[in-house]
Amino acid sequence: MTPTTLTERYVHEVVRRIPADQRDDVAAELRATIADTIDARDPDGRGAAEREVLTEMGDPIRLAARYADRPLALIGPDLYPAYIRLLGVLLAAVLPVVTVISVVVDVLDGDSLGAVIGAALGTVLTVGAQFIAWLTLVFALAERFGKRRGAARGAGSWTPDQLPEAADSGSRTAAIGGLAVDALILGLIVWQHTAKPYVTDGGERLSVLDPALWTGWMWPVLAGLAGLVVLGVLRTATGRWTTPLVAAYAAANALFALPMAWILHSRQFFDSDFLADLGGLVAPDAFYTVTALGVLAVSAHDVYKRVREWRA
Amino acid sequence: MTSEELILTQAQELRRGTVVLACLALLEEPQYGYALLETLNDAGVTVDGNTLYPLLRRLEKQGLLTSEWNTDESRPRKFYRVSPEGSQVRARLVREWRDLVTSISRLTKEA
Chain A
6 MTPTTLTERY
16 VHEVVRRIPA
26 DQRDDVAAEL
36 RATIADTIDA
46 RDPDGRGAAE
56 REVLTEMGDP
66 IRLAARYADR
76 PLALIGPDLY
86 PAYIRLLGVL
96 LAAVLPVVTV
106 ISVVVDVLDG
116 DSLGAVIGAA
126 LGTVLTVGAQ
136 FIAWLTLVFA
146 LAERFGKRRG
156 AARGAGSWTP
166 DQLPEAADSG
176 SRTAAIGGLA
186 VDALILGLIV
196 WQHTAKPYVT
206 DGGERLSVLD
216 PALWTGWMWP
226 VLAGLAGLVV
236 LGVLRTATGR
246 WTTPLVAAYA
256 AANALFALPM
266 AWILHSRQFF
276 DSDFLADLGG
286 LVAPDAFYTV
296 TALGVLAVSA
306 HDVYKRVREW
316 RA
Chain B
323 MTSEELILTQ
333 AQELRRGTVV
343 LACLALLEEP
353 QYGYALLETL
363 NDAGVTVDGN
373 TLYPLLRRLE
383 KQGLLTSEWN
393 TDESRPRKFY
403 RVSPEGSQVR
413 ARLVREWRDL
423 VTSISRLTKE
433 A
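Protein sequence lines correspond, in order, to chains A and B.
Just so it is clear: in the first sequence, position 147 is 152 by this note's numbering, and no numbers are missing.
Just so it is clear: in the second sequence, position 76 is 398 by this note's numbering, and no numbers are missing.
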């Protein structure tokens, strides 16, 4: 038998995928078995029969997996529930937090709005892909080299305590969405101050909001927003609103909304140089009144919704 | 899936475990892979080679079969036979099988 026969190539493809100490024995047995089958089908020549018999033996990867008693799945049924659950937590809870942190860092570095948005998208894609890739790799290795079957797999035991709250998924999405909006406002405020994105015809760079605020009312506004972001993260991590969390949420919202309404009401909001460069634009009184009331109304509504979720 | 396909799939599920029992029963006499496959298929226990050959090795690894290379003929072949432990397992499995047959026939008679 020359090494180039179909049988020889087939046997080689099978045994190179099984443990080295069994290779010679399995190869010898496979050769004999295939030859026996071919002889029985076609005692004279060895034309079509060899091809037919090898076709029936099937894909060498599949046969090798059977010989090595190895699963034909990257992640089998034992590990699948733990894998899916962990992937969900990583992508739905950890990824948004990582993205918000990277956005805040970019904003503090004074990057332009376009660069910040681009970097945020890049973070979502690369960090998300890393989460998926590494988690899959770890679970595939556990599947391949971990204990086969048996109750010894701690990850497999499930109790009803792990059931999520019935209303959880909707309120969780809302919490993540609210968190993202708060983080965006926080980022924009810091960004317009550090990057001074508005450039006058004379080449002078201006911030949009009144710089004088940074010696006064801006700090409670920022503290309130930061508090809202942190509470949103805590809510996502714990899975529901607790009494202290709702109380802190209301306090943080008040810390943000009351000074913000005051800033708007007393017309300290925009940088006067910025308004002047826009052509001496004077916003009507109604703008400030409506915006101030709008901020209060949105915050009150948010607190009301959280209290309802908490009591539900 | 038609009802005919459904029946074929379910019948395959029913047969799956019987191959091991049939091997343990037949290998009271030493036998090599291909001959065993033929005997099983002639006896109505249909099984493919790519299932049977790895199964024999697995049973050997579990200690239910022993094996020996026979080099008397021009083509060396690996012969399997039941180990003492394999005989005990077979006796238990045969009892399980009879219990199953009894239970199912009682159930299907009442139905």
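Source of the hints: derived by calculation from the structure; they are not laboratory data.
None of these values were measured; they are calculated from a predicted model.
Misleading hints may appear alongside valid ones.
[Unchecked claim] What follows is a list of derived Cβ distance ranges for each label pair:
1) B:I329 - A:E57: 24 to 30 angstroms
2) B:D370 - A:L126: 47 to 53 angstroms
3) B:T361 - A:L91: 34 to 40 angstroms
4) A:A33 - B:V341: 45 to 51 angstroms
5) A:D49 - B:K431: 49 to 55 angstroms
6) A:I122 - B:K383: 56 to 62 angstroms
A virtual CB, placed ideally from N, CA and C, is assigned to each residue, including glycine.
| request: May I ask you to test the hint 45 to 51 angstroms on the CB atoms belonging to A33 (chain A) and V341 (chain B)? | output: Cβ of A33 (chain A) to Cβ of V341 (chain B): about 23 angstroms, so the range 45 to 51 angstroms is violated.
| field | Satisfaction of the hinted span 34 to 40 angstroms by the C-beta atoms belonging to T361 (chain B) and L91 (chain A) | value | Violated, since T361 (chain B) and L91 (chain A) (Cβ atoms, about 49 angstroms apart) do not stay within the stated range.
| Satisfaction of the hinted span 47 to 53 angstroms by the C-beta atoms belonging to D370 (chain B) and L126 (chain A) | holds (51 angstroms)
| query | Do the Cβ positions of I329 (chain B) and E57 (chain A) conform to the proposed distance bound of 24 to 30 angstroms? | reply | holds (28 angstroms)
| request: With 49 to 55 angstroms as the target window, see if D49 (chain A) and K431 (chain B) comply at their CB atoms. | output: holds (53 angstroms)
| C-beta pair I122 (chain A), K383 (chain B): status relative to the range 56 to 62 angstroms that was hinted | holds (58 angstroms)
Violated hints for the displayed structure, listed by number in ascending order: 3 and 4.
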